[in-house]
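Protein chains in written order, with the working numbering: chain A, 4 to 423; chain B, 1222 to 1300.
No lab work stands behind these hints: they were computed from the structure.
Fair warning: this is a prediction, and the values are worked out from it, not measured in the lab.
Here a beta-carbon is modelled for each residue, glycine too, at the ideal position from N, C-alpha and C.
Incorrect hints may have been included.
Listed below are the simulated BS3-like cross-link pairs for lysine-lysine, each with C-alpha atoms no more than 25 Å apart in a straight line [stated by the list, open to error]:
no., chain 1, residue 1, chain 2, residue 2
1, A, Lys83, A, Lys94
2, B, Lys1261, A, Lys282
3, A, Lys148, A, Lys282
4, A, Lys315, B, Lys1261
Stretch by stretch, here's where chain B covers chain A in the computed footprint (C-beta under 8 Å, at least three residues) [unchecked claim]:
no., stretch
5, 147 to 160
6, 206 to 213
What follows is each chain in one-letter form.
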Amino acid sequence: MSKATSDLFAAQTNHKKDKHVYTVSQITQDIKLILENTFGEVWVEGEVSNFKAYPSGHFYFTLKDEGAVLAAAMFKNVNKDVKFKIEDGLKVICSGRIEVYAPRGQYQLIVEKIEPKGIGAQQLAFEQLKNKLFKEGLFDQKHKKELPLMPFCAGLVTSSAGAVVRDILQILKKGAPCVDVVIRGVRVQGEHAGREISEAVNDFNQFKQVDVIIICRGGGSAEDLWSFNEEIVARAIYNSQIPTISAVGHQINVTLSDLVADVFVETPSAAAKVIVDKKNALLAELDGYRYELSSAISNILHRLKNTLATLKGMLKSPLDRLLEKQQLLDELNSGLNSHIQHALDMWEEKFHSLMERLEALSPLAVLSRGYSLSSLMPEDKIIKDASILKPKDLIKTILAKGSFLSSVQEVIKDEGKTKS
Amino acid sequence: MKEKQSLEDDIRRLQKIVEELASGKLTLGESLKKYEEGVKLAQSCSSTLNEAQRKVELLMKKEGKYSLEKFEDSPSQEK
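Let's have the full structure, built from the sequences with the hints guiding it.
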């Protein structure tokens, strides 16, 4: 460069001394320094829009409110820890650094942390996953399997060391000691819990020997119960061929495990009681059958008894008729008897009167008036005509009192009386 | 499980017997036979349910194979 030229340049430079000229890079560099040093770590609240997750794993989106927009980027190394799904329309609070991206002349927020506004990240993640699984139909009633009539073998997915196992074992021992228990010990909170729980459910399905799987944990904070909200757990329960009972936490916590399981109860103890209740219900049902059996058989016997009684009645009537005839016969008989008696009486009376008349006509009565009766002996033939007599004939003469024998002296043949 | 299967079968059979008996279409001889069978079934189901023997085991998995081990509840906690 010649001196003149350099002078010229110097003059020009001098001329521009009040008006400093930056290159684009320079000024961008200055802006970058100023912006980045001025703001440092900031918290920004806004609504997510134009959210894009790039194949590289980085997230790009815009934060906006009524008056402005702010570009935001969240890189892969930090966004993997975000539990909920970032989506357009979501109100969030982000923390990060303001950074100037020189190639685009753009300032943006490099997001380090992102929190949904109003609710916790976990709660949001829960709601989002719940919504997703709901849309897939994982909670549909039509997928719920019936518990077996009587689960004789229960598989427990829980911590094998906790009070939960002890409670369940005690309730079953007292209420349904016929139930065998197989425990698959798992961690119920922490980073690995979700995987272990889902594996345990799968294991029971491969093992096949249990009638029901109880997925349970005692109460705790929402954080403690987080594993039971993991998608992997929900899917394992949904895919289980063996009916499942979810009993996680206490009344206030409803986990995805609860929603997807076939039966959902509030506490582990309640899960054990489901089995006890099944047993008791079955026993009551059996009592009912026993009662129905007895009443059916006694109905049958009663009916047969009635039929028998009717038949007996029908059999009785000829007998009755026979008895009637007998009675008639008896009556006739007694009538006959009285008739005969009457006839006999009549005859007796007649006989007596005849006898009296006979007596009146008796020769003895004549004799008493002084007459006598003579008969020729030994023939004892009554003598009515003296002409049959000859002297010396022996004659018996009967008087009113006594009699005597005499011999004939003479026979007088005229009307005169014979004298003995 | 065998036990469960036979219980479910028995209860189904029992339900059928109760129905048949209640229908009143059987002869006295058949009825008495069914009654006897029903009472026996109900009895055996009840005693299965009232069975007081149970096992408590741990399901273990080693190299893809399952095994059952006796579960020992810590006695100090039992009290």
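Checklist entry - For which of the previously enumerated hints does the structure constitute a violation, in increasing order of number? => result Hint 4 contradicted; others consistent.
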